[in-house]
Amino acid sequence: MELILREIAFARAGDKGDTNNVNVATYDERDYEWLKRHLTIGVVERQFHTEVHGPIKRYEFTGSKMLNFVMERALHGGVSRSLNLDAHGKSRASLMLGIRIAYKASDVPPSRDA
Amino acid sequence: MALEMADRGGISYLCMDGLAERTLSLAHQRRDMRTGEGSYDTRMPDIASRLLPVAAERGVRIIANIGAANPRAAGRYLADEASRIGLGGVSVGVITGDDVSEYVRQNDPIVLETGRKASELQGPVVAANAYIGAEPIVEALRLGAAVIVGGRIADPSLYVAPIVHEFGWNFDDWTRLGAATVIGHLLECGTYATGASFADPPYRVVESFEHLSFPLAEVRPDGSAVLSKLSDTDGLLSVNTCKMQLGYEIHDPARYFTPDVTADFSRVQLTAMDGGIAVSGGAGTPRPSELKGLLAIDEGFIGEGQVSFAGHGALGRARLGEQIVRGWLRPLLESGAIDDFRVDLLGVNAIHGGSSEVRDEPYEVHVRVAGRARDRKVAAAIAQAGWDLQIHGPAGGGGHRKEVRPVVAMYTFFIPRTAVQTSVEIVST
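Protein sequence lines correspond, in order, to chains A and B. Its first residue numbered -14, the first sequence is counted upward by one per residue in my numbering. Its first residue numbered 25, the second sequence is counted upward by one per residue in my numbering.
Careful, some of the hints might be misleading.
[Said to hold, decoys possible] Here are the computed lysine to aspartate or glutamate pairs in the DMTMM-like style, where the Cα-Cα straight-line distance is at most 25 Å: (1) B/Lys401 - B/Asp364; (2) A/Lys1 - B/Glu45; (3) A/Lys75 - B/Glu234; (4) A/Lys1 - B/Glu137; (5) A/Lys75 - B/Asp258; (6) A/Lys1 - B/Asp276.
[As the list claims (entries may be wrong)] Not close to chain B: a few residues of chain A, all C-beta gaps over 12 Å, as computed: (7) Glu(-13); (8) Arg15; (9) Arg22; (10) Ile26; (11) Asp92.
Hints were generated in silico from the structure; no laboratory data involved. Here a beta-carbon is modelled for each residue, glycine too, at the ideal position from N, C-alpha and C.
My request is simple: use the sequences and hints to build the entire structure.
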């Protein structure tokens, strides 16, 4: 079984210098633990590897149940010098939400468990 | 909307963050190199002629970093305009001290991004600014300023200041300063908390964008708050819109460094209630020992040339165009005169590059040629090559355009607090 992250989660990207962060929350907070298990740094690295040239770290907002991915050397030098049309990397939230996650029938996100 | 917030928001303070990393570099670019004039926020005339009278009438105090690269000139302008339109007795507080170019000249600090000294960056220093905090703003409020302008005041500090001032907190009350920083962070991007940059139908729907409210916060003495928006406005204020703003531009949520505090966003709770969204759980630990600084470096120019292809075979012709333009520019590319270069196919791979999903062939493709170079002539040649694709390239290219613009690149460094002397001046009308 497979889902596209956008079906269960939403995200926003921001920039500081050449560092891009993308915070990800689930529509249904019951899916948060599932997200934590499946949206690993490795999964995110595979999706972003051509655009991000530094390490990726993952942090948790435990109170508001969000994951935050912080990516270094991610914005072609940062907003003031990048040649990318999206110099801020704002659209990276959509790249995140395009991640496909495969899961077993025994590990369905709670919001989909009828 | 700022007008409406002042007029009918029932607020005591209107805080405006008008300064992003790039905005400051743009302001430095506008600065007249001989006189230093003209480099405050471009919206200043509107703020003076329209917002000031309403704020004065409603007793709303304004706090903003719209002084950008020249807070003194901004303060003088506001005071002059206020008296010109008959607003007597408006006291304008000007906060300076964020300009640390002299420190950089003398101390040549290490640049975070490169790990090397500032002098080793490949371009002259245009400006250096330190992020300054809420303390000088509180001082200006104590001195009775009705309008306070500064330069590189940290975004959340604009909001922390009136909260600290109202409740009489100390600047070592880390938990409360952290809580106030959370509130400031939720407010500082305006409509980002009230429905902007959120809609993604059919999953996230915002009914209407016609009349977006900025968020406002009613703060309690314990540092918790209720966020709301103006009545009879569009957009959306929800737990989910606030979540997105809470995480916006944050790295480690347990350690968000500001000049005022190391704020802890990690345990913040957002709860929907009648009248808005309750915010609680913000905390903090002692402020960082150093301040963050931004170095603006002249890195030459970006040249950009573009052309569009449409109809059958558009993608093939666009790819041929890329090949042709790379051929034209090969001597320049090989000469080392170009610092960075790319050819984008809009509709295919312009934004996410190699991470873009492969799709069926699009009906139209826009080719964009862009490069950065120290020499304006080299940047212009890159732009010209993109432009020339319409004339000397594949069939059916249309709508060509070209542009050359200066690049002021921003780099990060850290500066001891003792090297940053802020000061508050009151300019009266």
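**Message:** Of all the hints numbered above, which does this structure not satisfy? Sort the numbers upward.
**Reply:** none
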